[in-house]
Amino acid sequence: MSVELDVFVGNTTIMDEEVYQLWLDGYTVNDAVKVRMEGGVMDECEASKDVLLSDTMDQYRTFQMCERLLHSPAKLANQLLFQIPPHRQIMLIERYYAFDDTFVREVLGKKLSKGTKKDLDDISAKTSVTLKSCRRQFDNFKRVFKVVEELKGPLVENIRQHFLLSDKLARDYAAIVFFANNRFETGKRKLQYLSFQDFAFCAGQLISNWTVGAVDNMVEDMDEHAFQTLPSLRGKTKVFIEMEGSFKNLSRGLINIAAKLTNTKDVRDFFIDLVEKFIEPCRSDRWSAADMKLYLTHYTNSAHILDTFKHQVVWDRYMGVVKSCIFKMYHD
Amino acid sequence: MPGKLKAKIVAGRHLPVMDRASDLTDAFVEVKFGNTTFKTDVCPKSLNPQWNSEWFKFEVDDEDLQDEPLQITVLDHDTYSANDAIGKVYIDIDPLLYSEAASVISGWFPIYDTIHGIRGEINVIVKVELFNDLNRFRQSSCGVKFFCTTCIPQCYRATLVHGFVEELVVNEDPEYQWIDRIRTPRASNEARQRLISLMSGELQRKIGLKVLEMGGNAVVGYLQCFDLEGESGLVVRAIGTACTLDKLSSGSAPNTNTHMHPNTAPASNACNSPSKDGKEPVFVEDLPSSSGPPTPFRALPTSSSPPPFSPSKPCSRQSSSSDTDLSLTPKTEEPHSVRCRPGIFLCPSSPILSTDTLSLPGSGSVGCGRGSNPRATTSAPLSSIQSDSALLRKSVSFTEDLLLAASGMGSGGSAGKEAGPLRTLLRQQTQTALEQREFPFFTLTSFPPGFLLHVGGVVSARSVKLLDRIHNPDEPETRDAWWEEIRQEIKSHARALGCHAVVGYSESTSICEEVCILSASGTAAILNPRYMREGCLDIGCTDHRFEEPSPPNCGFCHIPYDELNMPFPAQLTYCYHCRRQKVPDVLFTTIDLPSEAAVAGKGCLIQARLCRLKKKAQGEANATAISNLLPFMEYELHTQLMNKLKLRSMNALFGLHIQISVGENMLLGLASATGVYLTALPAPGGIQIAGKTPGDLSSEHISSIQKRINDTIAVNKELYQINPPELAEEGVGSPIPEPRHRSRLFRSHSESSDELSELDLSHGKKDAFVLEIDDTDAVEDIHSLLIDAPPPTGFYSCNTENMPGISNWTSGVQMFTSVRVLRLSNANLTNQGLNKIFTDLCENLLKSFYFKLRSMIPCCLCHLNFTVAVPEEELIQVTVTAVAMTYDKEQTQEKTAEKPVNKGSLEAEEQLQFPLELCADSSSSNIQTASKISGVGESTNMSPRAASVDYGSFADRCSTWLELLRLKAHTIRRGSVKTSRRTQSLAHSVSSLERCSPLQEGRSRSLRSSRSFGGSSVTVVKMTPLSFLPGTRIIKYLGIINMFFIRETTSLREEGGVSGFLHSFIAEVFAMVRAHVAALGGNAVVSYSMKECVFMENPNKNQAQCLINVSGDAVICISETDQESSASTANTGQTGGSETDGAT
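First to last, the sequence lines map onto chains L and C.
Take any residue in the first sequence, count from 1 to its spot, add 71: that is its number in the working numbering.
Take any residue in the second sequence, count from 1 to its spot, add 4: that is its number in the working numbering.
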């Protein structure tokens, strides 16, 4: 005697957030049942294991059927198959597109290609995120990337509108897409101490200040003209660097980074350069974050004192971003 | 040529990719009605095509309009090969055929393919221009409203309940035709879907004709079923209750009949025109279709009702005069009735038998002017006849001769004002009419207060038949004869119970190979004749004096049969409420708990489950084996029910539904009902265990079982809060000698022959509540009795419309369908083992529901409808549809006091006639008793029944207040309709604007996204198997939803196995129902039911097929609390939908 078929369909689709999370996390039905049993849900309503199993299977099926819709969240709102209250729809989308910081840290800056996808099992082993969940997250990145790739307009806004994500999540996705597109180097040992959120913050800074009029998303389109003027600064700022004397090296580092930004290939090393040329020296000098702040603020402002310095605007734009990136990245 | 159907194809969205190369689709649409087909242009390379077609116009007969669905096929254009079908949409245009329902069907419909399921959506607009048809001999019945709801629909008022209508049509099943061998599964499925759609249309039209003949304008409690008889054909049959309904529109004050239908308005005229009354009845024997000039009396053209048995046939009449008159036609001799009796039939007049008044908007108000003040006509006191009629009512049920004599006597023995004698006559004639109506059956399960006088008990009949090929589909005589036979049996059972009517009537079949079990059941009852004739409500006041004043909250429990001449052994006591009449100790019924009934505590679902193995056999032998098993099954089910009822310390069952399903090697029986403690009935005794014998059962064992039982009873009493008011014993009458276990279940079985056998289900001499343990089986039985786990805290369950004891619903509603199929292992199973498996299956299902719905606590599962089937040899399938509703726990503590249960109060406003009338009649006589018993007093909410002693002033106050409210609501509604139209057109312009602007433009995109999640762009459609939605008022019925779908797959594994397949199919069915309702402009489906869910699988071939039939009433409902805002939101919701639709 066995249950051959067992379904439960509500007019309003019934979804348990806890089971949804288990499904997203890539648990199998049996594992999910175990987790739920340990969670004490059995005590409610005098449920037995069979009841729990049947319920979990139902929900998993529902989620699988919904998954197709979640791939283009706009459809979820006007599809007819499932009657889901709007707040639930938001929850479904938000959770489906949520990701593990540890996982995303691994793929950040990598090409979202099939090759990377093949390596997901390694990442899964390393981050102890289930392979199923890794695949979902990776596919999400790829899907978002593909959609916004061809769109014009502000990146974050595009993502928010097409995937109906919250502002926070849309910003994170913008960062991921930005990194993937520019292939920033993030995997070096020296950068390992940085979390995804550090990078996301920097990406946000870069996107809003360095992309063309903050309208276009890609660094290729970074305001090259502006940065081309930077090398010409070099000579003039020499005086100013000498003024600051002891900070010569640091200063030179920053200027060099700026100069490199004109070259797409070198842009990839932006973060590693920041760490190597600035953060590490400071750290070895045991600067506190406050010292750092003080230095950078004065350093930026001192450029204004130079009468000969003609590129105040560009300088501010450059230093503003570098300053906030360094603040964010300057920790252990 | 009385109709023009117009359809416009607007757009599609989410279409599937049909061209792999381009990942796009070149879609176009074929629109077909009857034999006419139109095509749209091809919209190349788009998954969201915009066709914006012209209006396709079909000029068709209204007969076709009723029968045919509009068929929309979406195809992918292929230059070189045949065009690929993407899917279809069938639109039933019936709702557009009566003026009060929807005026346009417009919205997104899922494109459905029987192999692939839903594949995208299509936006369609459909309109109908109906021309006036004065042809009397037409075959259409446009304008007759259909309701699945088994009570008087909320925004209507029944002026007249005509009675039973039935019809069946048969055809060959396309699946079994030779051509099926060579066509694709898709073609075969579509042929079947289309045929069934056609057949249900035809059936509905034919029933409509019968209703028109009877003078009614609506069918309530419409129940349509399919019998898939395999080789021998396909039967679609339907039953219903014909009524004359008046819409309670906003303008009409509830207590004056301003909005009376012209057909019924002249009621009082009839009484005042003695020349045309029933004194000189004209007996007409089956006249041929009359084509002569309209005469006051005319027999119905029999040719217009094809089936040989139509109960309505003899009592219909046409008249062209606006005057009203009585039609008295004799009963024609029926092949099966033994007696040929001259009958007097009273039926409503129909000025002109045409639909003009119904199909033309606005004409409904013609009758307004005739509104008469009821109190003017109702003042004729006729107390002198009171005793006569009381006597009459009793004797009537038994002897027809006496009845006829009595009706003569009635006309003579009247006194009083001019209308007096006639009214008396009318009344008795109605009685007679009811009596002599071929089948005095009512498919309704709940009634306006005062309608139901007494309830006798459940009557049921079953018969086992061998199916044979239906040779001539146009004359389905055998099937008709079978049902006729069963109905006759039901009727005679009811008569034996001293009742003249059967309420809560339903029919069902179970088919396995060539054996078919036909079942019918209902509740024998005596009805208040007031409602059987015209103008009843005007003269209700005086009329009441004919009746013995039986208090509403216990009257229906009083026995209708003669105490000395009881149809079965019963234990009678005096009613615990009024102490005047006898009541039985237990009451079983198939109806809902009357809203006025006094109950103690809460109700609960009680189920009896049974499996019986049977040998495999063929043909006659098989039928014999089954019919031999049936009585034993019924007996056992009944015993189980009785024991479980006692175990819960309750004394009445409502909504009893017994289903017996036949499989190749077993029979399954499932009886479901809602148990309740009626305070009018005596308290149930406990259950005693008597150990009779076997040495291995020690007395300790017995006493331990006894203890368990007693404990369970105590626990249940606590659980269901059964604390009946303690009554002094003095007044209780002496029980009838020979106290016995009584059964109110009348049942008989018959084979293919006409052999009828009756079985008394009583336990012989055994005392009612003693269970004997004489073998291990008995022990098992008792264990299984105790196995039923009570629902977890916070849950209640019932299978009726109202949950006894809970009335304060909050707005949480979750309708669901669940299907479970169990495969039995090959091991040789015993009956006991099977029973256990079956019981566990049902119990586990319930447990699953409780668990899944735990977030809704406190909540109640209502209308739990279990259906069992044996689809294959070793499979048991259980399908459940129910609704979970949340309620306010705080208020329930004081619940019983507020008698007008949910619907009662809900409808009180709409059907104000009833309560007002009732309070007028009964206020003087039983207001004290009522308040004493139920503790209502002048309590709480303005329950008109309890609170108003001063009838006049109250009614005035009430009416003006209501009038005001209605007027307000009306204007609001009208206003909002206008706005909705405007916004709609606006939305369209927006959409077209957007369409021409390229997607890249940031502006249009931001415009689109700005509304991204503002609200759900799809109209939320609530569904419920009940006739109401808590916290809302139904303001409009948009028409019946009756849909049939087939889904098949040849890639079962890929679709997630059988569960995945069925899960998505059921979800798709829900989606299609919702889409149709939304397109009609509705926001809810009430009285929803899944009639059929036939599932077949062949896992080896990776195939499965499923057929689902659903039905319900599409409605617009608005929140009760704030009418204005919700009315407008309902509309904005819709426009919001169209706006986004346009934008996509």
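Everything labelled a hint here was simulated from the structure, so no lab data went into it.
Just to be clear, a hint being listed does not mean it is correct.
As the list claims (entries may be wrong) - Think about it this way: if two alpha-carbon atoms lie no more than 30 angstroms apart in a straight line, the pair counts; the simulated DSBU-like pairs of lysine-lysine are:
hint, chain 1, residue 1, chain 2, residue 2
1, L, K217, C, K49
2, L, K348, L, K261
3, L, K146, C, K43
4, C, K49, L, K223
5, C, K49, C, K36
6, C, K43, C, K61
7, L, K146, L, K120
8, L, K197, L, K213
9, L, K197, L, K223
10, L, K182, L, K259
11, C, K711, C, K586
12, C, K10, C, K251
13, C, K721, C, K618
14, C, K721, C, K619
15, C, K251, C, K1095
16, L, K197, L, K336
17, L, K213, C, K61
18, L, K259, L, K188
19, L, K146, C, K131
20, L, K185, C, K49
21, L, K197, L, K185
22, L, K203, L, K213
23, L, K331, L, K213
24, C, K1095, C, K36
25, C, K840, L, K105
26, L, K146, C, K12
27, C, K840, L, K120
28, L, K336, L, K261
29, C, K1040, C, K10
30, L, K146, C, K49
Structure-based check of each hint:
no.: 1; hint: K217(L) to K49(C); result: 21 angstroms, holds
no.: 2; hint: K348(L) to K261(L); result: 12 angstroms, holds
no.: 3; hint: K146(L) to K43(C); result: 28 angstroms, holds
no.: 4; hint: K49(C) to K223(L); result: 24 angstroms, holds
no.: 5; hint: K49(C) to K36(C); result: 24 angstroms, holds
no.: 6; hint: K43(C) to K61(C); result: 12 angstroms, holds
no.: 7; hint: K146(L) to K120(L); result: 35 angstroms, violated
no.: 8; hint: K197(L) to K213(L); result: 21 angstroms, holds
no.: 9; hint: K197(L) to K223(L); result: 36 angstroms, violated
no.: 10; hint: K182(L) to K259(L); result: 16 angstroms, holds
no.: 11; hint: K711(C) to K586(C); result: 33 angstroms, violated
no.: 12; hint: K10(C) to K251(C); result: 28 angstroms, holds
no.: 13; hint: K721(C) to K618(C); result: 39 angstroms, violated
no.: 14; hint: K721(C) to K619(C); result: 42 angstroms, violated
no.: 15; hint: K251(C) to K1095(C); result: 28 angstroms, holds
no.: 16; hint: K197(L) to K336(L); result: 29 angstroms, holds
no.: 17; hint: K213(L) to K61(C); result: 48 angstroms, violated
no.: 18; hint: K259(L) to K188(L); result: 20 angstroms, holds
no.: 19; hint: K146(L) to K131(C); result: 29 angstroms, holds
no.: 20; hint: K185(L) to K49(C); result: 29 angstroms, holds
no.: 21; hint: K197(L) to K185(L); result: 19 angstroms, holds
no.: 22; hint: K203(L) to K213(L); result: 15 angstroms, holds
no.: 23; hint: K331(L) to K213(L); result: 29 angstroms, holds
no.: 24; hint: K1095(C) to K36(C); result: 28 angstroms, holds
no.: 25; hint: K840(C) to K105(L); result: 28 angstroms, holds
no.: 26; hint: K146(L) to K12(C); result: 24 angstroms, holds
no.: 27; hint: K840(C) to K120(L); result: 19 angstroms, holds
no.: 28; hint: K336(L) to K261(L); result: 19 angstroms, holds
no.: 29; hint: K1040(C) to K10(C); result: 24 angstroms, holds
no.: 30; hint: K146(L) to K49(C); result: 20 angstroms, holds
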